[in-house]
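We have chain A; now place chain B with the ligands onto it with these hints.
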Amino acid sequence: MKERIERHLYDVVVIGAGGAGLRAAIEARLAGKRTAIISKSLFGKAHTVMAEGGAAAAMGNANSRDNWMVHFRDTMRGGKFLNNYRMAELHAKEAPERIWELETYGALFDRTPDGKISQRNFGGHEYPRLAHVGDRTGLELIRTLQQKIVSLQQEDFAETGNYESRIRVFSETTITELLLDGDRVAAAFGYYRESGELILLEAPAIVLATGGVGRSYKVTSNSWEYTGDGHALALRAGATLINMEFLQFHPTGMVWPPSVKGILVTESVRGDGGVLRNSDQKRFMFDYVPDVFRKQYADTEEEADRWYTDPDNNRRPPELLPRDEVARAINSEVKAGRGTKSGGVFLDVSTRMPAETITRRLPSMYHQFKELADVDITKEPMEVGPTCHYVMGGVEVDPDTAAAAGVVRGLFAAGEVSGGMHGSNRLGGNSLSDLLVFGKRAGEHASAYAESLDKRPKVRTADVEAAAGAALAPLHRESGENPYTLQQDLQAVMGDLVGIIRREGELTDALKRLHELKLRVANVGATGGRRYNPGWHLALDLRNMLVVSECTAKAALEREESRGGHTREDFPTMNPQWRKVNLVCSLDDMGEVHLERKPLPAMRPELLELFEYGELTKYMTDEELS
Amino acid sequence: MSRHFRVWRGDSSGGEIRDYDVDVNDGEVVLDIIHRIQATQAPDLACRWNCKAGKCGSCSMEINGKPRLGCMTRMSTFEESETVTITPLRAFPVIRDLVTDVSFNYTKARETPAFSPPEGLAPGEYRMQQIDVERSQEFRKCIECFLCQNTCHVVRDHEENKEAFSGPRSFIRAAELDMHPLDARSDRKEYAQANQGLGYCNITKCCSEVCPEHIKITDNAIIPLKERVVDRRYDPLVWLGRKIFRRDQLAEAPPAGVAPDAHLDVGEMLSTQSGGPSPFGDDQTFPLTDITYQHPAPGSPSREG
Ligand SMILES: Cc1cc2nc3c(=O)[nH]c(=O)nc-3n(C[C@H](O)[C@H](O)[C@H](O)COP(=O)(O)OP(=O)(O)OC[C@H]3O[C@@H](n4cnc5c(N)ncnc54)[C@H](O)[C@@H]3O)c2cc1C
Ligand code: SF4
Ligand code: SF4
Ligand code: FES
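Line order of the protein sequences matches chains A and B. The UniProt record's numbering applies: residue 1 is where the first sequence begins, and numbers increase by one. The UniProt record's numbering applies: residue 1 is where the second sequence begins, and numbers increase by one.
In short, the hints are calculated from the structure, not lab data. Treat the hints loosely; a few may be bogus.
In silico DSS-like cross-links for lysine-lysine, where the CA-CA straight-line distance does not exceed 27 Å [stated by the list, open to error]:
1. B:K66 - A:K116
2. B:K141 - A:K370
3. A:K295 - A:K93
A few chain B positions that, by computed beta-carbon distances, are all more than 10 Å from chain A [as the list claims (entries may be wrong)]:
4. D21
5. C47
6. N50
7. I63
8. K66
9. T83
10. Q130
11. E144
12. H180
Keep in mind it's a predicted model, so treat the numbers as computed, not measured. We put the CB at the ideal spot given by N, CA and C, even for glycine.
Just chain A, same shape as in the assembly (with noise of 0.2 Å):
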């Protein structure tokens, strides 16, 4: 039988419906160019949403000495200078004015008393920095662009009668396969969630921006959308990633009860005054101030808590050190017996501050607590443990453009699918930032390449066959395993082998599993039809997990040492020699993963001016520095 296939075309697609991905469309619609957004969820509901903290960008509203420098420094610190210092940089110099820009598009952040966007404190952020509604940024900024596209829509509208005459949202559809002509890309090609239809868009220019990959491991704070389809539709297009051993793990997801584990609690619970104690009752974190953060963290409590009030004159609390070292310090604390009975540890904010306070500025969490677990945070501590919810590896891009490295043409990347920004570990509050600031200029750049081009790439019946074959096959295999079972084997193995802490043994062992797997995997089955089946939808997800988790774990064997979102036992320290390294990966023509060492660029020496040379030592190689 022939497959009927619905074929669009487009001069912009971008695959992602997230922060990146309406930023991407917005400017790529704004220059003219006609759209399309395509997302696994509704409009509206990609994980962006999710996000509650805020969005970091130096606008110096809550301190007037913070600007684009101070920010840079932040996060280059918070990624331990492996960061791509060019994307730092941009992302620091650029977010204030992205920011802005929302509100132009309707978008209500809390206030400061002089009527400016409000900001508060979070891990790793010298200055209050974020911005923020309540803790619901995610939800305002996904929104605001949802509303910014509408009203684009309208416009278009009033001026051709047909509201997706050029921006167009294809909700509910996933994208399986890139085409490519040559070393160009030339379409993408999925199926309609809803009918189990097929789909081709056709487009000089394509941005990813689907998010990341949590979806591997067995606590997590990611839906089902992340299971890191952006990551392996690059590798298979020829592109690259780097970074891929960097995962990070929150320090403060929910342990209790089991069904709600791994779901988050916001940063600004510490940011705004809760603090972390043992089963002994003892305010921890004290004793895991690394040495390279001594000086900006205080060593008493009383210090600590003069902090709140009194920033510019005391150090701020070590439980508002970076999420690596946070999450390392719960690990160990459960690990020598002084956890909770669900193996977490307390965060208290019912005796530091009265009722009515934690329930105007941490609303969302109270009524998280309330409804999940059944706990009163004005009356109780919470139970919290670490849990996987960010990647920072991602797709190598240009950072100017952010144009996917590799093999390919024609392909952007922004937003967590991206790597190369957050280094080793990101600080909270700088991917809401990253999306507006790469997301932009990834549509720019999309829109820039497709007028560029004379002539259209064009798209091989054969690949289009190929892949309309590969996204029914499970339904073909009504026998096949489930792919349920499939993918919490994938989940063990990451959450065991290649989790917070890792070793060398585990991890080859890990490898060889990934490899059992993926021969598993090549024989998924799916029962049922076309129509809106999850278990065919997970089974294709499964191939796109297992390649992405196989890059993490090749990675994180390569890298002896450990740095951020990336832990080994057997390697225990940060070593300046590996600092200068990329680890890069690629597909090789045999589908199989390829690793490779890279340089990391160096950064311009005004930049390297910002740092103290004390400071410096502690990352950079003698010769680096001399």
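Relative to chain A, chain B with the ligands alone:
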């Protein structure tokens, strides 16, 4: 412990309630049960979800006839022996199992005029006081779960009203923009009245009752929208609202067909008639016309000034 569940399975061509016995653990929510059914008994059971924390508004469904978020409905709220029945949202066409076609809501959102930025203010120059943004912020908490849309009897009972009636989700958007300190348009209320079918709403408050974000849709959005257009426009229900459902009396006078907790009746789901009984009786057409309308006396106080 194994418990009994009934889940509607089917698609636009029809379907049936199927029985499942599923293990339930301490602290679980209804969405966990659906996931367990998917993983162990019915891999193709269709259901939307994303965040599992009440933030994305994807997992809307009807649980024992009440519109709810699956991820925010704890199993401990039911008796241990109670059978839990899970059905798709009633007001929207079924796609498959628990997934419905909610495009109605996106169509209405697209028709509502967007934020209109003030002239002469560059990005970064916007100044607003917290107290002034808070009113709109309440409505921006909306997670677009569409439970309010699903509950509102104007469309739940009456497919034919969908054309003219945009529903409570759209009303709070109109109210949000109306109260936005810097929105340049001044006709949000008139627009809601003339183009969104605000007049169909008879302030039953059912929408506010089901809103998981506890947005006071009726009190804080719909009534203020209605009140200020009243001098200029015919709206029998403002009159109705004032005469019969004074705000303070509303709690005592729930309309017929709606349970005392303002949820729609469970029996409705099983009734042969789509949408169950209307609170105003089944023979009503909207907008209600046979109501004597009295203009408010000149100078009579209006709550929202
Ligand atoms: C609970 C939580 C809280 C957070 N809090 C903060 C915070 O306070 N501050 C901060 O800065 N960051 C925060 N983050 C991180 C931040 O939210 C994410 O990194 C960011 O939203 C990612 O945005 P994105 O645009 O890259 O992708 P997403 O918003 O995840 O969007 C991905 C999009 O790609 C689509 N997609 C994926 N695969 C495919 C495919 N194959 N075909 C078609 N479409 C596809 C998805 O449907 C979706 O629309 C938080 C994250 C979580 C999970
Ligand atoms: S108050 Fe009643 S009639 Fe009005 S929108 Fe809400 S549910 Fe519908
Ligand atoms: S107003 Fe409330 S019920 Fe209605 S869509 Fe928004 S969150 Fe859901
Ligand atoms: S899954 Fe997001 S609201 Fe239930």
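Do the hints match the structure? See the list:
| no. | hint | result |
| --- | --- | --- |
| 1 | B:K66 - A:K116 | violated, 42 Å |
| 2 | B:K141 - A:K370 | holds, 18 Å |
| 3 | A:K295 - A:K93 | holds, 26 Å |
| 4 | D21 | holds, 18 Å |
| 5 | C47 | violated, 7 Å |
| 6 | N50 | violated, 4 Å |
| 7 | I63 | holds, 14 Å |
| 8 | K66 | holds, 15 Å |
| 9 | T83 | holds, 20 Å |
| 10 | Q130 | violated, 4 Å |
| 11 | E144 | violated, 6 Å |
| 12 | H180 | violated, 7 Å |
Hints 1, 5, 6, 10, 11 and 12 from the list above are not met by this structure, while the remaining hints are.
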